[in-house]
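Asker: Chains as they are written, first to last, in my numbering: chain A, 1 to 283; chain B, 1 to 283; chain C, 1 to 283; chain D, 1 to 283; chain E, 1 to 283; chain F, 1 to 283.
Don't take every hint at face value.
Said to hold, decoys possible - The calculated EDC-like cross-link candidates involving lysine to aspartate or glutamate, where the alpha carbons are at most 20 Å apart (straight line), are:
#1 B:Lys4 with A:Asp73
#2 C:Lys74 with B:Asp89
#3 A:Lys9 with B:Glu264
#4 F:Lys74 with A:Glu264
#5 D:Lys133 with D:Asp145
#6 F:Lys4 with E:Asp145
#7 F:Lys4 with E:Glu264
These are calculated hints, taken from the structure and not from any lab test. Bear in mind that the values here come from a model prediction, so they are computed numbers and not experimental data.
Protein chains: 6
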Amino acid sequence: MQRKLHTAKTILTALPYIKRFTKKTIVIKYGGAAQINPDLKDRFAQDLVLLYLVGIKPVIIHGGGKRINTFLDKLHLGTEFKDGMRITDEKVMEVVEMVLSGSINKEITTLLNHHGAKAIGISGKDANFIKAKPLDDGKYGLVGDISEINETVLENIINQNFIPVVAPIASGQTLTHPGYNINADWAASKIAVSLKAEKILFLTDTPGVLDKEGKLLSSLNTDEVEALKKDGTIHGGMLPKVNACLEAVANGVKQAHIIDGRIEHSILLELFTDEGVGTVFSQ
Amino acid sequence: MQRKLHTAKTILTALPYIKRFTKKTIVIKYGGAAQINPDLKDRFAQDLVLLYLVGIKPVIIHGGGKRINTFLDKLHLGTEFKDGMRITDEKVMEVVEMVLSGSINKEITTLLNHHGAKAIGISGKDANFIKAKPLDDGKYGLVGDISEINETVLENIINQNFIPVVAPIASGQTLTHPGYNINADWAASKIAVSLKAEKILFLTDTPGVLDKEGKLLSSLNTDEVEALKKDGTIHGGMLPKVNACLEAVANGVKQAHIIDGRIEHSILLELFTDEGVGTVFSQ
Amino acid sequence: MQRKLHTAKTILTALPYIKRFTKKTIVIKYGGAAQINPDLKDRFAQDLVLLYLVGIKPVIIHGGGKRINTFLDKLHLGTEFKDGMRITDEKVMEVVEMVLSGSINKEITTLLNHHGAKAIGISGKDANFIKAKPLDDGKYGLVGDISEINETVLENIINQNFIPVVAPIASGQTLTHPGYNINADWAASKIAVSLKAEKILFLTDTPGVLDKEGKLLSSLNTDEVEALKKDGTIHGGMLPKVNACLEAVANGVKQAHIIDGRIEHSILLELFTDEGVGTVFSQ
Amino acid sequence: MQRKLHTAKTILTALPYIKRFTKKTIVIKYGGAAQINPDLKDRFAQDLVLLYLVGIKPVIIHGGGKRINTFLDKLHLGTEFKDGMRITDEKVMEVVEMVLSGSINKEITTLLNHHGAKAIGISGKDANFIKAKPLDDGKYGLVGDISEINETVLENIINQNFIPVVAPIASGQTLTHPGYNINADWAASKIAVSLKAEKILFLTDTPGVLDKEGKLLSSLNTDEVEALKKDGTIHGGMLPKVNACLEAVANGVKQAHIIDGRIEHSILLELFTDEGVGTVFSQ
Amino acid sequence: MQRKLHTAKTILTALPYIKRFTKKTIVIKYGGAAQINPDLKDRFAQDLVLLYLVGIKPVIIHGGGKRINTFLDKLHLGTEFKDGMRITDEKVMEVVEMVLSGSINKEITTLLNHHGAKAIGISGKDANFIKAKPLDDGKYGLVGDISEINETVLENIINQNFIPVVAPIASGQTLTHPGYNINADWAASKIAVSLKAEKILFLTDTPGVLDKEGKLLSSLNTDEVEALKKDGTIHGGMLPKVNACLEAVANGVKQAHIIDGRIEHSILLELFTDEGVGTVFSQ
Amino acid sequence: MQRKLHTAKTILTALPYIKRFTKKTIVIKYGGAAQINPDLKDRFAQDLVLLYLVGIKPVIIHGGGKRINTFLDKLHLGTEFKDGMRITDEKVMEVVEMVLSGSINKEITTLLNHHGAKAIGISGKDANFIKAKPLDDGKYGLVGDISEINETVLENIINQNFIPVVAPIASGQTLTHPGYNINADWAASKIAVSLKAEKILFLTDTPGVLDKEGKLLSSLNTDEVEALKKDGTIHGGMLPKVNACLEAVANGVKQAHIIDGRIEHSILLELFTDEGVGTVFSQ
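Chain A with its partners taken away, still in its complex shape:
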C-alpha cells in the first residue's frame, strides 16, 4: 500500500504542469538518438501519448539523416555537404523524400498509434501546406527555404484529435518540380510560429547549450544568446538550432527548448517536473 500511495502522490506532482499546458499546442522536433534507440523511441511514444491524453496538442516534425545516408549509399548516390547542407539534386531528392515520407514518417506514426494515440503522417506536399523556394538562390540544389505555411491543414488534423507527424519536405512552385528538402529544425520553428504554439522542443544529442567551462546554461534570453554567439560560446552545429529557437520566441512562441533526447523521458522531465533537461530560450 505504501508503495502505491507513493505512486499516487508522484502522479499528482504532474497536476500543476497538466493544468498549465492542457489545450496548448506543443511542437516537437524529433531526431537524434531518441529516434533511433528502441528504448528511447518507446519512452518518447509513452511521453507523447500521455501529453495527448491530458489534453495537450503535440505536433511532431522529424528529420532523418542517417537512414537517408544508408539508402544513398546502397544506391551508390554520393552526396556532398556545403555549410552543413546536403547538396540535393533530383536523384538525391527522390531518395530523401522516400526515406522521410515513406519510411521514417510512417514509422513514427505507427509508433504513436500502437501506444494509443491516433497519429497521421503527412509532408508539406499534402494539400500543398508547406511551400518553399530554393535556399540562397539554389546554392544547395533542392534545399528549400520555406516561403509559406498553410496552418489550417494542421489545425484540421489537430481539431479532429489526431497528432500530426510532419516530414520536412516542401512542395515546389510547379507541377513537375520534385519538391524541396527543408531543414527540419527550421520547419519545426516555422510551424510552431504558424500554430501560435505554447512551446517548441528540440530533441537533440547534446545536453543543451554549455558555457565555456562546459556547464549547462539552463535558461537564456535573446540578449544573452547574442552575447554567447559573439564570444564564440555558441558555434558550429549548435548555431542553427539556437537560431531556430530564437526565431520561434521572436515570433510569439512562449518558450523554446533544446533538450537532451538521449535521456529517457526527456519530454516528460522537461514538461512535467521542475528540473529542466536542457536549455530554455525566451525573449
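For this one, chain A is given, so just place chains B, C, D, E and F on it according to the hints.
Answerer: This is chains B, C, D, E and F only, laid out in the frame that chain A set:
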C-alpha cells in the same frame, strides 16, 4: 536527475488507466472521514482535479450526517432514528436542507474550484431534477424514495466541463412541500444508472467488505454477495451500501466500489494503480 | 362570450411589451414582502414564468434578511449592524450562507419550477463566479466587495433555457476562506452590468422614490437623482438602492426600476402595462 | 391601478395555454370573413403575432374565392362549378394563381409583417414542395389532388423563425404544366399531417357543426362524426371541411377545429381561453 | 470515341472558370427575350442549373413588362409612362404585383425546379426584406425608391442551397400601403451590393454598349463610361442599365455585365468561355 | 461565336451526369499507363479536379508496380512472384513502402494539388485505419489480407473537402511489425464498400472484359460473370480485378467499372458521357 526520472516513470504508470477511463463518467459518493479530515479533503480534491484534467467526467454526491446533528443540537431539535433512518419532520428537514445545500455542498464546490476544477453545486430541487415520494408510505416522515431523475440537467453541466456536486435533497410533488431528505448512497446509485456511468465509488470509513475472518474481499459478484448476505457476513450498516452497489451494477454501471476513504488518495489508488483499496462489485 | 372576448383583448394589450422585451435579459432583485407573503410569492412566480415563456430571460438575485435573523437568534448568535451592514464573523457567515444558499435559494427555485419554469439555484461560490474582497478593508468582517464576476457561468445557464437564481455569496481568495456576504442590491446591479441586461428591477417595500411632499417620482435621470441626494430628499435606506440603480445605468443597463413589491403582479404591471409601479432611472 | 391589476391578471390567464402550446406547430386555414373584413384581419394578425412571440409555430394556408371571381369577371372568363369544384382550364388557372400567389398571399404576408412577425409567402411551386395530379382523372380540369408534400421546405422556414404563408397551388409533373389549383382545406390538412402539427384550425363563416336543433356541437370524435354524416346532420358545404378534420386527426394531428372566423380574436379565444368557439374533432 | 473525347475536352475548358467562380454569388437580372422565347428560357435554365451544381450561388431578379401590359389591357386599365417610368396608381399596382409575384415569379421558379435546381420565389414584401419610399416624391405614383434591403433573408435561402427568385416589389411603410413597383435593374444592383456579389449580369435585348460606329465596346471602366455619357454615345434606354452597373461596381461588386440575352446560353458564354457576349464594367 | 456556343452546349451535356453524381463518393483505383504517361497523368488530374469541383467526392487508391521493381533492382533485392503475388520479406517491404508512401503517393497528391484540388496522401498506417493479417497464412510473406477498415479517417478528410490519396499499405498487429503490402485493387474495393461509395472505377491497361471473339462486353451482372469465369473467358490477370468488382457490388457499391486508362480522359468519358470506355459490373 535519477529522482526526476523515477517521477516521470511513475507518472507514466497511470497511462493505461487514463486510456481506459478517459471520457467516461465516474460517480463518487463522498462522505465519512474523507469529507472531514482537512488533509484527506485536500487529497480528495487533488485526485478529482486530476481525473477532470485527464478527461474523466466525475460527478460528486455527498452526505452530511455529522454537521446536521451539530445544527439540530444547537437548535434543540431532537431526532430519532428508526431502521437507521432519521425521522424527518418539517423543522428537521429545514435544517437538513440548509446544512446539505447551503453549507456542505458549497464547501465541496469551493474545495474543487480552488484546486483548479470548475464545480457547480446543486440539489435535486434545482430544475426539479430529482423527484421523490415518501419512503415506505411515510414511515420516516420526509425521508424520500427517488421516483424520477432527469439526467439531462447533469449532462448539461458535465458537457460544459463543470463537475456537478449534488446534495441529496429531492423535490416534492407540490409547491409547498418542503422536499425530501434522500439517502446519499441510494441517490448516487440511481444517478450513476441514469448517467450510464462507467463506475461508481463509495468513499467509506471501512476497508471494504470483510469475510468472517476480517479479511478484505477485494472483488464480489452478485451471486457471491447474495450468499454473504444470507450467511450474515454482510450485515448492519454495510448492507445498504452493498445494496446500492448491486442496484448500480444490475442496471448497467460496469463496476461499483466500496473503498476506504480514510486512506489518502484512495480514489487515485483505486483508479490509477493495480492495487484496489476496497471491494469491487460486478454483475 | 363577451367576457372571453374581453379576456383575449386584454391579453393582446401585452403584445407591444412582449415584442419589446423578447430575448432581452432582465435582472430582478427579489426581496421584501414579495418574498414572504404567500400570495405575493405566487404572483411573483406567475409573472416570472410568463416572462420566461414569452422569450424574456430573467435572472433572479435574492436577499434573505429576516430568516437569517431568525436563525441567528435561535442559535444565540447576536449580530451588530454598523452603517446598515451586518458585522459578519465566521460563525455568523456560516449561518448567513446556510440560510441564503440552502434555504431561501432552493425555496425560490422550487417556487419557479412548480409554476412551470426550469430554475437552477447557485451562489457566487459555484464555479467561483463571483469573487470578492473585504469591503472597506474589513470594517464589517466578512462583508464583501465584488471584485470580479464571470458572467459566462450565468450565460451558460440562461442559454440552456434555465432561470438562474443567485444567492448573494461570493467566494474568497483562499481555499479555507469562508466566503463573503455580499449586498444583494449591489450584486444584482453588478450582475446586470456583466450580462448587459436590458433592465434591472428592484422589488422593494416602498412605493419608489418620493418627493418632499410624499408624491411618487415616477422617472429620474442621473442629474435629477444627484440633486435629490444633495437636498436630502433621497436619504437613509433608499440611498443604497438608488446608488445600485445609478451604477447599473451608468454601465450600460438601459433602465433600472425601484418598484413596489407589495403590490400584486408588480413585475407584470411594470413591464407589460403603460402604468409604472415605482421609479425608473435612466442615464 | 386596479384596472391595471385586472389587466395583469387577465394576461396571466393565458399562462397554462401558453405552456401547453409553446414550441408546437399549429396549422391555420385562413379564409372567409376573417380574410376580408378589415377589423377581423387586424385581429387575426394580432392573434398570430402573439402565438409567434410566445413560441408557438403557426403555419398559414389561405384560400381566395371571392377575389378570384372578381378578376375572372373583369377578364370576362366565366367559370362553372361541378360538385362544388371550380372547373379550371389554363386561362382560369393563370388568374387563380395570380390572385392567390400574387395578391392574397402577399397581402397576408404584409399583414403579419406589419404587426411584428416575419412571414414569408410561398406556393406549392416553390422548391416544388407540393406535387399534385389531376383530381378524379381530370374531371375538373386543373383541380389537383396532392400526391406529395416535401415538408422540409416549410421546416426550414419555420426553423429560421419565419411564419410560412402558403398559397394552395401545386406544381405539375412537367415543365410546361401550368400547375394545379388545390383545395385549401385539404392542403391545410395534408400540411398539418406532414408537419406532425399539434392542431389544425379552420377559420370558417359558420359557428361550427350544429345538431338538428341548430345547437353547436362543441366536440366530436370520429365515430360521432360518422353517425352525424349518416343521419344527414353533417351535409353540404360542411362535409369537405369535416372530412379534412378527420383526415388530419386520423394521421397524427392531435386536434382539428372548425371555428367561427366571424368572431373577433377567434383564434385566441380557441387557444387561450377555456371556452371554445366552434367544434373540435379528435380521434 | 473521338467525338466523345472531344466532348470531354470541351467540358474541361470550363475548369478554370468553375475554379474562379465556385462559392461566389452571382446576381442575374433576367428579362427580355430570354424570358419570353421558349428555347431561350430553356437554355437559361440549363445555364443556371449548371452554375448551381458547380457551387456558384445565383440570385435571380426578374422584370415583367409585356405581361403586365397584356393584363392591364385586358382589364382596360390604361397606363401612362413618364421618363420611362410607368405611372402606377393603386389599381395598376394590384395588377403589376399579381403578374410579377403571382405569375412570372412562379413561372421562373418552376422553370428552374424542373431543370433540377431548388428555387424559391419571393418578393420584397416577404419578411419585409425590401423597403422603399416613393421615387422623386411620388412623381410616378407607386414607383418606389429602395430605402433598405435586409440581405439576411436572401442569405438564409442561399445557405439552404435554394436559388432565390425575386419579384421587384417593395413593401410600403404602412400596413394598408399597397407596396411599391420598383425598377428591376436597380433592384438587382442594390441586391448585388447588399450580398457583396462577385458579379452582376443584366440579360438584355441588346448586344451591349456600342460605340458611335455601332461596334461593341467589350469592356469599360467608370471613367470611360462617364466620357461616353457626356458625348451622347450612351443614351436613352441604355442609360439606366449602365447606371445600375456603375452603382454596383462603385459599391463593391467586382464586375457588372450587360449581355445579349437573345443569344442562346449567353450566361454560360459569358462566365465559362473567354469570349464575352456584351460589355463588362469595372471600377 | 458559333464555336463558343458549341462549347457551351457541349459543357451542358454534362449536366445530367453531374446531377446524378453530385455529393456521391466515387472510389478510383489509379494505376497502369494513366499513372506513368505524363499526358495521361495530366488528363487524369483534370478529370479529378472537375469531379471535385462539381461536388463529387473522389477517393484515390494507387498501386506502384514498376517503380517498386526499379528500386528493388537498384538495391539488388531480387523478388519472386507466386500466384501473381510478390513474395515480400522485410527488406522488400521497406522498399515497397518507401516507394508507395514516400514517392508515388506524394507524386499523385502533388499532381492533384497543382491542378487545383486539395489532396492529402496517407497510407493504411495513418491513424491505423487499415489493419491486415498475413494472406493465406503468410504464404507470400508480408502480403496482407485486410481485416478491418476504419472509414471515419477517410470521412474526416473528405468532409473537410480534401481528396484522400491512399497508398496500399496496412498496419500490422504489433508495434515492431513492418506492416503489410496489400493488393491495391482489393484495397480499393474494400474502401469503396466501407464508404458506401456510389461507384468504383479501376483504371487498367485493358479495354475491359472481352468475349472470346475479343469484343468488349460493356456491361455484366454477377451471374454473367460467373458463367464467363467458368468457361474461361475471364481468366489470368483479369480475374482478380473482376473479383474486386464483384466484391464491391455484392456489398452495396452500385456499380464497378473496369476502364481503359490508356484512353485520355477515360474517367470523364465514363462518368460524363453516354458512351462507356470499359465494362461495368452490377449485381
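Asker: If a hint holds in the structure, say so; if it does not, say that too.
Answerer: Hint-by-hint comparison with the structure:
no.: 1; hint: B:Lys4 with A:Asp73; verdict: 41 Å, violated
no.: 2; hint: C:Lys74 with B:Asp89; verdict: 18 Å, holds
no.: 3; hint: A:Lys9 with B:Glu264; verdict: 9 Å, holds
no.: 4; hint: F:Lys74 with A:Glu264; verdict: 38 Å, violated
no.: 5; hint: D:Lys133 with D:Asp145; verdict: 5 Å, holds
no.: 6; hint: F:Lys4 with E:Asp145; verdict: 39 Å, violated
no.: 7; hint: F:Lys4 with E:Glu264; verdict: 11 Å, holds
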